[in-house]
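Q: The residues making up each chain are set out below.
Number of protein chains: 2
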Amino acid sequence: MTSKSLHGEIENRLVEHELRYTSARKSVVAALITSDGPLSASELHDEFGGSVPLSSIYRSLVVLEETGILAPHLGTKGLTRYELAEWLRGHHHHFVCIDCGAVEDVAVDDTHERSVDAMVNEISSRVAFTPINHALEIEGRCARCA
Amino acid sequence: MTSKSLHGEIENRLVEHELRYTSARKSVVAALITSDGPLSASELHDEFGGSVPLSSIYRSLVVLEETGILAPHLGTKGLTRYELAEWLRGHHHHFVCIDCGAVEDVAVDDTHERSVDAMVNEISSRVAFTPINHALEIEGRCARCA
DNA sequence: AGCTATAATGAGAATCGTTATCATTCAAGA
DNA sequence: TCTTGAATGATAACGATTCTCATTATAGCT
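These protein sequence lines map, in sequence, to chains A and B.
Take 0 as the starting number for the first sequence in numbering that gives the first Met the number 0 and just add one per residue.
Take 0 as the starting number for the second sequence in numbering that gives the first Met the number 0 and just add one per residue.
Treat the hints with care, as some may be off.
Below are the DSS-like pairs computed for lysine-lysine, each with C-alpha atoms no more than 25 angstroms apart in a straight line [what the hints assert, rightly or not]:
{"no.": "1", "chain 1": "B", "residue 1": "Lys25", "chain 2": "A", "residue 2": "Lys76"}
{"no.": "2", "chain 1": "A", "residue 1": "Lys25", "chain 2": "A", "residue 2": "Lys3"}
{"no.": "3", "chain 1": "B", "residue 1": "Lys3", "chain 2": "A", "residue 2": "Lys25"}
{"no.": "4", "chain 1": "B", "residue 1": "Lys3", "chain 2": "B", "residue 2": "Lys25"}
{"no.": "5", "chain 1": "A", "residue 1": "Lys76", "chain 2": "B", "residue 2": "Lys76"}
What the hints contain is simulated information worked out from the structure, not anything from laboratory work.
Construct all of the structure, not just a fragment, from the sequences and the given hints.
A: Right, dumping it as structure tokens:
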């Protein structure tokens with residue numbers, strides 16, 4: 000999906016909810032389109048050189064999450080990073096550096112993804128739990144911290 | 000591994016580091032042995048009916064993590080939950096309820112686990128990243144929230 | 001058993017990420 | 001243009017976590 004069509008999809012989604020695709024929200028989305036992994040509020044704040052106030056960033060994140068445009072990344076100690084939801088970025092997994100905490104996206108090929116899916120379904124069927132999504136986090140050391 | 004031998008292993012590990020296996024630390028470990036999923040500082044605090052002050056719990060968690068006895072659970076927004084490290088509890092995965100946030104352990108059979116391992120290794124070999132561990136988080140709704 | 005050195009504790013202050021408040025600004029539609 | 005609700009910026013409030021420091025407890029020595 001091209002960056003322009005992404006913005007279009009997102010604007011549509013917001014308008015459906017009677018919300019506006021304002022510049023703060025666009026900035027957040029644009030940064031996350033470019034980024035190679037999820038970002039936290041303060042990382043975004045730095046990214047913008049402080050031009051967008053933190054309170055606006057937090058509010059944008061809330062709105063974008065509520066409308067299903069962003070998804071929180073389950074894999075961080077102490078802070079919350081966000082990424083584009085799967086319908087916008089496709090399914091993927093993460094590397095998490097145990098030293099610096101950096102998170103990087105990883106693509107998975109279909110063969111492997113199918114086996115993970117099978118596993119998730121099989122496991123869930125054995126217990127009272129309805130699976131909606133899954134996330135494989137690979138913990139290790141990134142190139143910089145190795 | 001029996002509960003008693005677990006405590007023994009842990010005490011040894013602490014003594015190697017010239018640290019003591021005090022009652023606060025024992026309480027934390029005991030609670031995590033019993034629990035069916037990772038717990039946060041305040042959940043532990045409640046578990047103990049407030050008898051162990053929060054500051055002690057936090058300090059115990061830090062010490063136990065530094066010595067490799069506990070591992071932080073990567074899968075929670077806003078707070079940190081801990082569980083026994085893998086050498087004490089064995090490898091497993093998690094269900095995370097997207098409504099109430101509860102986390103529950105899930106066992107994985109060898110067949111599936113091997114395919115996940117293969118996938119992790121294969122992926123990591125393609126990028127500059129040294130894998131140390133992995134965590135499969137299954138997000139969904141638990142029985143209570145379904 | 002008593003001493004001593006140091007680990008560990010308890011209580012509270014301080015910090016950090018995040019959320020809520022409120023007056024002001026902006027933008028879409030009449 | 002005017003109106004109305006959405007969005008903003010600044011700041012206060014909040015909850016989770018960490019730090020500080022004076023006090024207590026414990027292992028090792030005599």
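Q: Take the hints in turn and mark each one as holding or not.
A: Hints and how they fare:
| no. | hint | verdict |
| --- | --- | --- |
| 1 | Lys25/B / Lys76/A | 24 angstroms, holds |
| 2 | Lys25/A / Lys3/A | 11 angstroms, holds |
| 3 | Lys3/B / Lys25/A | 56 angstroms, violated |
| 4 | Lys3/B / Lys25/B | 11 angstroms, holds |
| 5 | Lys76/A / Lys76/B | 8 angstroms, holds |
Hint 3 from the earlier list is the only one contradicted by this structure; the remaining hints agree with it.
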